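Undergrad: Next come the chains, spelled out residue by residue.
Protein chains: 2
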Amino acid sequence: MTSKFIRPNVAAMAGYVPGEQPQDRRYIKLNTNENPYPPSPRVIEAVRAAAGDDLRLYPDPMANAVRDRAAQRYDLARDNILVGNGSDELLSLILRACIGPQDRVVYPCPTYSLYDTLVDIQEGEIVRVPYPSDFQLPSGLVEARGRVTILCHPNSPSGMPVPIEKIETLARSLEGLVVVDEAYVDFSAQSALPLLRKLDNVLVLRTFSKSFSLAGMRIGLAFGAPPLIAELLKVKDSYNVSRTSIAAAAAALDDYSWMTENVARICRTRGRLIKELRARAFSVLDSQTNFVLARRPGVSLEPLYRQLKERGVLVRYFATPELFDALRISVGTDAEIDALLAAL
Amino acid sequence: MTSKFIRPNVAAMAGYVPGEQPQDRRYIKLNTNENPYPPSPRVIEAVRAAAGDDLRLYPDPMANAVRDRAAQRYDLARDNILVGNGSDELLSLILRACIGPQDRVVYPCPTYSLYDTLVDIQEGEIVRVPYPSDFQLPSGLVEARGRVTILCHPNSPSGMPVPIEKIETLARSLEGLVVVDEAYVDFSAQSALPLLRKLDNVLVLRTFSKSFSLAGMRIGLAFGAPPLIAELLKVKDSYNVSRTSIAAAAAALDDYSWMTENVARICRTRGRLIKELRARAFSVLDSQTNFVLARRPGVSLEPLYRQLKERGVLVRYFATPELFDALRISVGTDAEIDALLAAL
Chain A
0 MTSKFIRPNV AAMAGYVPGE QPQDRRYIKL NTNENPYPPS PRVIEAVRAA AGDDLRLYPD
60 PMANAVRDRA AQRYDLARDN ILVGNGSDEL LSLILRACIG PQDRVVYPCP TYSLYDTLVD
120 IQEGEIVRVP YPSDFQLPSG LVEARGRVTI LCHPNSPSGM PVPIEKIETL ARSLEGLVVV
180 DEAYVDFSAQ SALPLLRKLD NVLVLRTFSK SFSLAGMRIG LAFGAPPLIA ELLKVKDSYN
240 VSRTSIAAAA AALDDYSWMT ENVARICRTR GRLIKELRAR AFSVLDSQTN FVLARRPGVS
300 LEPLYRQLKE RGVLVRYFAT PELFDALRIS VGTDAEIDAL LAAL
Chain B
0 MTSKFIRPNV AAMAGYVPGE QPQDRRYIKL NTNENPYPPS PRVIEAVRAA AGDDLRLYPD
60 PMANAVRDRA AQRYDLARDN ILVGNGSDEL LSLILRACIG PQDRVVYPCP TYSLYDTLVD
120 IQEGEIVRVP YPSDFQLPSG LVEARGRVTI LCHPNSPSGM PVPIEKIETL ARSLEGLVVV
180 DEAYVDFSAQ SALPLLRKLD NVLVLRTFSK SFSLAGMRIG LAFGAPPLIA ELLKVKDSYN
240 VSRTSIAAAA AALDDYSWMT ENVARICRTR GRLIKELRAR AFSVLDSQTN FVLARRPGVS
300 LEPLYRQLKE RGVLVRYFAT PELFDALRIS VGTDAEIDAL LAAL
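Residue numbers (numbering that gives the first Met the number 0), protein chains in the order written: chain A, 0 to 343; chain B, 0 to 343.
Hints are computed from structural coordinates only; laboratory data are not their basis.
Treat the hints with care, as some may be off.
If several chains are the same, the list does not tell them apart, and a pair holds so long as it fits within one copy or across any two.
[Unchecked claim] Below, computed lysine to aspartate or glutamate pairings styled on DMTMM-like, alpha-carbon distance capped at 20 Å: (1) K197 <-> E167; (2) K3 <-> E124; (3) K233 <-> E321; (4) K3 <-> E122; (5) K165 <-> D285.
Keep in mind it's a predicted model, so treat the numbers as computed, not measured.
Looking at chain A on its own, in the form it has when it is part of the complex (with noise of 0.2 Å):
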């Protein structure tokens, strides 16, 4: 009954299924790729402030606040950024904003699933182009033609960067639109955001999630040529962004240091967990994320999955045929990876 009401594509979707975010707090939780260490504690005093009788008033529709202080870190200008409600937002506007029914969307696989769901939900045509086992960026993605292509750059769940030059050499090959998803690139070597001086058919997402410890805030931003932007901003939500979340963002730029020295820090603990996974007989790649990989090539990890969360230990299991011999292990500080390979 209720389907006659619902778009078919939409009726026919399951939905992205999130990470499971206990409420409970019993976990050692290393399953959504949340920061160890906390926020700034500017950032905490700046949501406090914000917390007064302003919050009768509508935010900045541009939380120019934000852009501003953006523009200055990243050496751009205010209409090239665009601050969203989480990255997962502004995938959603680029989506709605250029993919309408059949139009064809390309990216390499497994990444982040989100991106399935959302074309889904804009009827369009999503191309997987399979990554090789080391997670060296495919062939073939050119060749798909997408109207847009998205990089996870480093990837999720592989941990994996992409080298700049190829995203460069992909943009000039491609007519449609490259969307560079940097939500993991604090913690990698090279982001794609230079490439923004040299081509218009790039975008670039950051999210506020992992790296500045703010995923209870929801804040992500776009970077990309003023006319993209300025297309973008028409499909926003006049109000996307909370006051609070303005004033968290902001503030987190204005303590850039923070954000840095828990990277470096939780870098470090990724080095060493990397190297006790191996010495457990996992096969793992070299992340440049705040997650790792841990495989055992051809056996199901589920059910370690599951004895790990009766433990008191969560790590993300997908199962899907590409995945199901893997987990996705958040880097947490080195007591709670200490728990995790007492717990293996």
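Position chain B relative to chain A; hints supplied.
TA: Just chain B now, kept in the frame of chain A:
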């Protein structure tokens, strides 16, 4: 050049233009229907309490703390409720879930012009049924056979309610969905929520931006049959409402009388404002919202809007053939209304 990346329907759009949000605070701001009274101190306290180390963690994707309180308050079940990043996001989710190219969306006009933008993004067909000058529900809504029919109740910018029995008759006569946008309903006598017990094709939307004094926090609620809510969930971003907004909404529902007392105060001021405007030869309907529509039939009020702005009072002027002879004035505090009347 840019337009080649963008869908033609989006490239052709002007985009919704929200009311002015000057960031310098020099104005008596009666243009975007914000509540002149601050949110509950318990809300502010809850937001500050939520602003801690936990901001590093994702929020509850379902915002169940809010759903459970809303279920209790409105005598419904958790599964009847979806929490949005403002009711604007909920409108967008509904149209994304239900409207594809050429699908028809019907609403009486003039009304909230964001509906136009959201239908255009979906490449839907808009059927506007004109309101008569007394803003009673026009005939022709059933005959227009919308896949979705939207009623803003009470309507903006007229301030006029739709009798609930008329909404029921309409919903029973239509095969499609009826969305009742109750952004302003707390300032009126009757809600369409009881219809949810009888009809499976009605969705009711609420916002915390007006009566709850929380425009800055972006919180909206959708109420409907559980199978409908489940479909909307598929289209929603997983983490669409931040931790601080969840905390604010939950605390606002816990301190419900704070809202109703402010609403009573605003309704008293509204009565005085209507009387004073009529004494100044404006034609004013009996608003059931926190704003009034003041008309001088046939006379453009753009000059008056500009003069008021020069004198530090911001009201809303719509440069359309239907509304050029009207100003929409939010009901402020008594002192703000005195200042407006003095400026007039």
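Undergrad: Please go over all the hints and tell whether each is borne out by the structure.
TA: So, going through the hints one by one against the coordinates:
1. For the identical chains of this complex, K197 and E167 are intra-copy neighbours only, at 9 Å inside a copy versus 58 Å across copies, given an alpha-carbon limit of 20 Å.
2. Taking the shortest Cα distances, K3 and E124 sit within 20 Å of each other only across copies (18 Å), while inside one copy they are farther apart (23 Å).
3. In this assembly of identical chains, K233 and E321 lie within 20 Å of each other by CA distance neither inside one copy nor across copies; the values are 37 Å within and 23 Å between.
4. Taking the closest pair of Cα atoms, K3 and E122 come within 20 Å of each other both inside a single copy (17 Å) and across two copies (19 Å).
5. In this assembly of identical chains, K165 and D285 lie within 20 Å of each other by CA distance solely inside one copy; the values are 19 Å within and 64 Å between copies.
When the structure is compared with the earlier hints, a violation turns up for hint 3 alone.
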